[in-house]
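> Sequence:
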Amino acid sequence: DDALQTFAGPTAEAVPSVGASFLGVGEGLGSYNAIYVPPDTNGDVGPTQYVHTVNADWAVFSKTGALLRGPEAIKTLWTGFGGQCEASNDGDPIVQYDQLADRWILTQFAIRSGNYLQCVAVSQTSDATGAWHRYAFSYADMPDYPKLSVWPDAYYITFNMFGQFGTVFTGGRVCAYDRAAMLTGAAATQQCFQS
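Anchor point for the sequence shown: position 21 equals 21 in the numbering used here, and the numbering is continuous, going up by one each time.
Just to be clear, a hint being listed does not mean it is correct.
What the hints assert, rightly or not - Cβ pair distances, simulated, as ranges:
no.	residue 1	residue 2	range
1	184	1	30 to 36 Å
2	169	1	36 to 42 Å
3	9	180	41 to 47 Å
4	1	112	38 to 44 Å
5	138	22	36 to 42 Å
6	35	4	47 to 53 Å
Keep in mind that the hints were calculated from the coordinates and are not lab data. Every residue gets a Cβ at the ideal spot worked out from N, C-alpha and C, and that includes glycine.
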C-alpha cells in the first residue's frame, strides 16, 4: 500500500514551541461583550502585526501580543464613508494579509434595508492601525458565508447567496474585485459569476 506510513514521525523535541500566546478579541479584553453566537472568529498574521475579528469587532495586535488598536466595531473602518457600511455592523468578517502588496484586506457584510453590500477595506500601508481605502459592493441577494483569497490579479471572494430576505438559497457566487485599483484607492469594480 503506497499510503501506508513506514517510518515514525518526529519526536516531541522536534515540535516547535509557541512563540507568543495572548488574549484575542473576546470577553476579558477591554470592554468587549460577545453579542453573537456562534462567534465567527477570523484572523491573519503579517510580518509585524496580527489582525483579529470576532463577529462585528476587530483588533490589531503586535506579534508579541501588545494591543495596538481596538477592540472596536468593524464599521469604524468606514467612518466618514457614509451609507450602510458606516451605519451597519452586521458581521461575517474576513481578514487577510496580502503578502504580495504588504497590505491588509478586511470585509464584512451590510444586510439592512434589502440592499445587500459587502463592505471591503484595504489598508493604505502595511500598518493595520492606519488609514484604509474603503469600498461597498452591491448584490441583489444576501451574500452569506463569504470566503476571501488574495491572488496577484484580483481579490477573489465566494458567497452562498440567499434571496427573499435571506431565506431561499439561490446558489453559490464567486466575484473578483479589482485588486490593482483597490491598492491605490481608485474606483474599483467586481466581476461575478453565479452557479
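> So, for every hint listed, does it hold in this structure?
Hint-by-hint comparison with the structure:
no.	hint	verdict
1	184 to 1: 30 to 36 Å	54 Å, violated
2	169 to 1: 36 to 42 Å	41 Å, holds
3	9 to 180: 41 to 47 Å	43 Å, holds
4	1 to 112: 38 to 44 Å	56 Å, violated
5	138 to 22: 36 to 42 Å	38 Å, holds
6	35 to 4: 47 to 53 Å	50 Å, holds
In summary, the numbered hints that this structure violates are 1, 4.
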